Amino acid sequence: MSFPYLSIIIFLPLMGAIAIALLPRAEPRRVKLIAAFFTLLAFLLSAALFFMFDRSLDGPQFVEQASWIPSINVQYFLGVDGLSLPMLILTTMLGFLAVLVSWRIDRRAREYFAWLLVLETGILGVFCSLDLILFFLFWEVEIIPMYLLISIWGTGRKEYSAMKFVIYTLLGSALMLAGILLLYSHAGTFDMVALAQMGLEPALGSLLATAIFFLLFFGYAVKLPVFPFHTWLPDAHTDAPTAVSLILAGILIKMGGYAMIRVCVSIFPETSQTYAPLLVALAVVSVLYGAAVTLRQRDLKRLIAYSSISHMGYVLLGIFALSQVSMTGATLQMFSHGIITGLLFALVGLVYDKTHVRSIPELGGLARRMPIILVVFSVAGLAALGLPGTSGFAAEFLVFLGSFRSTVVSGIQIYTILGVLGIVITAGYILWMLQRVFYGPPKAQYEGVLDADRLERFTIFSLAAVIMLIGIYPRILTDVIDMGILPIFGGLGL
Amino acid sequence: MNLYLLSPEISLCALALVVILLDLFIGRKWILGVVSVAGLIVPAAFTLALWGVNETSFNGALVVDPFSLFFKLFFLVIAALVLLSSTDYAHKFAGFRGEYYALVLLSAMGMMLMASTRELISIYIALELTSISLYALTGFLKDPKSSEAGLKYLLLGAVASAVLLYGMAMVFGLSGTTHLNEIAASIPAGGLLASPALLMGIVLLVAGFGFKIATVPFQMWVPDVYEGAPTPITAYLSVASKAAGFAVILRVFYEALGPLSLDWGIIFAVLAAITMTLGNVVAIAQTNIKRMLAYSSIAHAGYLMMGLAAVSALDPGTLGPSGPSALVFFLASYALTNLGAFIAIIAISNKIDSDEIADYSGMARRAPLLALALALCLISLIGIPPTAGFVAKIYIFTAAVDYGLIWLVIIAVINAVISAYYYLRVVRVMYLGTPLSEERVPSSWALRAALSFACLGVLFLGVYPWALLRIAETAVSLFP
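Here the protein sequences line up with chains A and B, keeping their order. Letter by letter, the first sequence follows residues 1 to 494 of the working numbering. Letter by letter, the second sequence follows residues 1 to 480 of the working numbering.
Please keep in mind that the hints were generated in silico from the structure rather than gathered at the bench. Wrong hints could be hidden among the right ones.
Some residues of chain A that are not near chain B, with every Cβ distance over 10 Å (derived) [stated by the list, open to error]:
| hint | residue |
| --- | --- |
| 1 | E27 |
| 2 | F53 |
| 3 | F136 |
| 4 | Q197 |
| 5 | Y352 |
| 6 | Y473 |
Computed Cβ-Cβ distance ranges for the label pairs, DEER-style [said to hold, decoys possible]:
| hint | chain 1 | residue 1 | chain 2 | residue 2 | range |
| --- | --- | --- | --- | --- | --- |
| 7 | B | V281 | A | T274 | 33 to 43 Å |
| 8 | B | S452 | A | S2 | 54 to 64 Å |
| 9 | B | S477 | A | S2 | 49 to 59 Å |
| 10 | A | S2 | B | L456 | 41 to 51 Å |
| 11 | A | T155 | B | M220 | 36 to 46 Å |
| 12 | B | A358 | A | R107 | 17 to 27 Å |
| 13 | A | G490 | B | W407 | 32 to 42 Å |
| 14 | A | D453 | B | L456 | 41 to 51 Å |
| 15 | A | S2 | B | W30 | 54 to 64 Å |
| 16 | A | D453 | B | R365 | 31 to 41 Å |
| 17 | B | A189 | A | T274 | 49 to 59 Å |
| 18 | A | L23 | B | L456 | 52 to 62 Å |
| 19 | B | W407 | A | I417 | 39 to 49 Å |
| 20 | B | M220 | A | D353 | 52 to 62 Å |
Predicted model only: the values in this text are computed from it and were never measured. A virtual CB, placed ideally from N, CA and C, is assigned to each residue, including glycine.
Just chain A, with the same shape it has in the complex:
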């Protein structure tokens, strides 16, 4: 076994959490420095992994494999391929930025940062696991930190939202567990690589394959979220503290999309094709419904939250259009949306910190008070609506191109065109929101409001830079993603 890079990356945040918990005197500043140190280390290590990754191989790399529960063949099995590597980097990057975004939190700081780091470990584990039970374990780890982070440090109806999040997630994962175990009882292994290569479906029969597929899919659909399982998301987002919204929108919901490709499509290529028309239609409904509802939001944070539903619709569209280009696009969209929405939530958090107002009608004329925030907000907003030169364009363009030419679903061109319409609505709500919040006559009540300080500028500029970088040179990621999608697409036999 080679050097255990992945274990170290996954457990670095956890070690940080333990260090914070064991700190004899918990001054908030020291806690924050420790949290920043460990998350930065994890980020740097994963960035190093990105450069060490062999772009000519299509299997998992940096593999670690050890028996964990021999009697049921559960392994401690980690590895990253082109699909999971971008997610890994996204997680460590946003994990570090989430710590920076939380710099102002002083209330029960020790607990807050400890839970934030535990959360990061859970998500990193999901993206690196190649054993279904290990994957499920990490999937569940995230629940308790999220529950406490929302319900203690949140705002508004925080306890309700936190419990709603838990119940939705647990219900999804409960059915997913049933699916995983049913799969195991017929395949005899939890090894995701082996399962994908087995070609299980003929042996299972179409009824059983469909049952397992949807048990699993349901768990992921709640997470992504897909209409009509999305109602937990606006509540959780709105009431969560900024950094948690950032993680929730940036990476947590990506677990759903990632798992759909990694588990549903890889292990059940034929069932995926059979039900692709249904799922693509669901995707378009998510896109249009999400966008339409977003248009009506009056709360800045809720607006960004609802926009995630529509953007995740593109991910679903890209995945179940089942073409190589569209799945690459979907993966890129997950990465790009992670950065864009993370940035948008950070900006909303900033605006709220400075003005203590989140209601759009009450805001207005902030352009003069916070020019830097305005500029970055505009960049992020334009990226969200897919302006060329930003990562949003690259990702959505690939999704549309791939799904338009896909041969799996008949009449997918119509769905794609409907999906493109979503962009128009997106442009509508983004621009309208910018106009109402930043332009118009300055309001007297925002007289002494400050712009972003140095730390905040560093956070938002670095995210904006990533958006531009991927927009201008998407190959930096698509090269990697392609290698991850290739074997999965090959399994479809198209």
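Fit chain B to the given chain A structure using the hints.
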């Protein structure tokens, strides 16, 4: 007759007698607690010395095999934890400490015998030895609630014993023997495979044992008894007594009634589904933490019975875990988890003198470590990683799915979601509520030691379950 095989039980009985005698002559009663906990090392040492032995004695009535030895050690550990956690509670029955410790030890001895007999009459005697000690312990506080609980437990327990005895009589009447292995042989030989009378006997046995493990519809004693009994005894009842019940069920149903597993498997499957659903749904409405954990323990009896149900469709071709090994591991993880929760509750309620969940408000500020321990145990009861409860659930669900019980697993996973609601409510009150006072919650070193053991065990089994699973697999290897 090899008395050495009985050495753990004999030494434990001697220990109980020593404690009673010491009680007469010693003024400083805390010594009794030390003696009884330290004295447990002797039977534990005998048990470990016997490890690996597989022999019978007393004309086949007593059996020492990996299964019974596993459970003996298990009961000794639980008894030790219960005794340690009692030190903070013993002032409530100051005059009767010696009897209290002795009764706990004697009931542990009864449980050890339950795991180690393979003859119906011995099983019945061992069960009564356990139960009678527990009846007395339940009423030990002598306040109205405790006395009511004791009486209720006694009366309903007597009915259950009668039913059990009746079932045993029917099995004996049809098979002509009380030895489990001979019963098994007589079933195909006597043409009893389709006998309705034997099926009736099985149903009565399920009812009798069902009382001990608190399955629906024999669960009605649980909430009142759990609420009224001294909290350490509640913990004892919820784990040790339940585990002993399951040990006997495994022994009786596998060894004696194995040929009829298709019949009783489905009984357990249906009971499991009803039990876990009822337990979890009713637990939501509870405001008293002991009552809530009582319903939670009913729900867990349901999960545990999945391990019994998973045997019925036994298909020799499949790999994977067997129902019994999953059941044994689940019992161990549940015991540690539930004991941990109850020990934390003992410490907290000692200070605030209340078992109402609302009074736990802000406990994370007043007792950070106790609150953390309780939260960890509740999370393990939900089955969220990285805890023993997570692995236990995965394992028992895997066993059930492997034997084709997917419908039961789907009910079980949905139940786990329901349970999250009421367990997390306690976490929420402790971490989000405002403290009712600023006073810290004290606890003795003995209680802290017991709690640390339980919590570290919960985490350890969640991270490295194979350590115990391996032992569980050997323990049940005698069952097909």
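These are the hints, each one checked on the structure:
1. With a minimum CB-CB distance of about 17 Å to chain B, E27(A) clears the 10 Å threshold, and the non-interface call stands.
2. No beta-carbon of chain B is positioned within 10 Å of the beta-carbon of F53(A); the least distance is around 28 Å.
3. The non-interface label for F136(A) is inconsistent with chain B: the shortest C-beta to C-beta separation is roughly 8 Å, within 10 Å.
4. At the 10 Å boundary, the C-beta of Q197(A) stays outside the reach of chain B, the nearest C-beta of that chain being 20 Å off.
5. Every beta carbon of chain B lies more than 10 Å from that of Y352(A), the smallest distance being close to 22 Å; the non-interface claim holds.
6. Against the 10 Å criterion, Y473(A) stays outside the reach of chain B, whose nearest CB is about 39 Å from its own CB.
7. One distance hint, 33 to 43 Å for the beta-carbon pair V281(B) and T274(A), holds here, with the actual separation near 37 Å.
8. In this structure, S452(B) and S2(A) break the distance hint of 54 to 64 Å, their C-beta atoms being roughly 37 Å apart.
9. Between S477(B) and S2(A), the C-beta spacing of about 37 Å breaks the proposed range 49 to 59 Å.
10. Under the hint 41 to 51 Å, the C-beta atoms of S2(A) and L456(B), about 32 Å apart, miss the expected range.
11. For the pair T155(A) and M220(B), the supplied restraint of 36 to 46 Å holds, since their beta-carbon distance comes to about 45 Å.
12. Between A358(B) and R107(A) the Cβ separation comes to about 24 Å, which falls inside the hinted range of 17 to 27 Å.
13. Distance hint check: the CB atoms of G490(A) and W407(B) are about 36 Å apart, consistent with the given range 32 to 42 Å.
14. The hint said 41 to 51 Å for the Cβ distance between D453(A) and L456(B), and at roughly 44 Å that hint holds.
15. At roughly 57 Å, the beta carbons of S2(A) and W30(B) sit within the given window of 54 to 64 Å.
16. Taken as a hint, the range 31 to 41 Å holds for the pair D453(A) and R365(B), whose Cβ atoms sit roughly 32 Å apart.
17. A beta carbon spacing of about 53 Å between A189(B) and T274(A) agrees with the range 49 to 59 Å that was offered as a hint.
18. Taking the beta carbon of each, L23(A) and L456(B) are about 21 Å apart, not inside 52 to 62 Å as hinted.
19. A hinted range of 39 to 49 Å for the beta carbons of W407(B) and I417(A) is consistent with their spacing of about 43 Å.
20. A beta carbon spacing of about 56 Å between M220(B) and D353(A) agrees with the range 52 to 62 Å that was offered as a hint.
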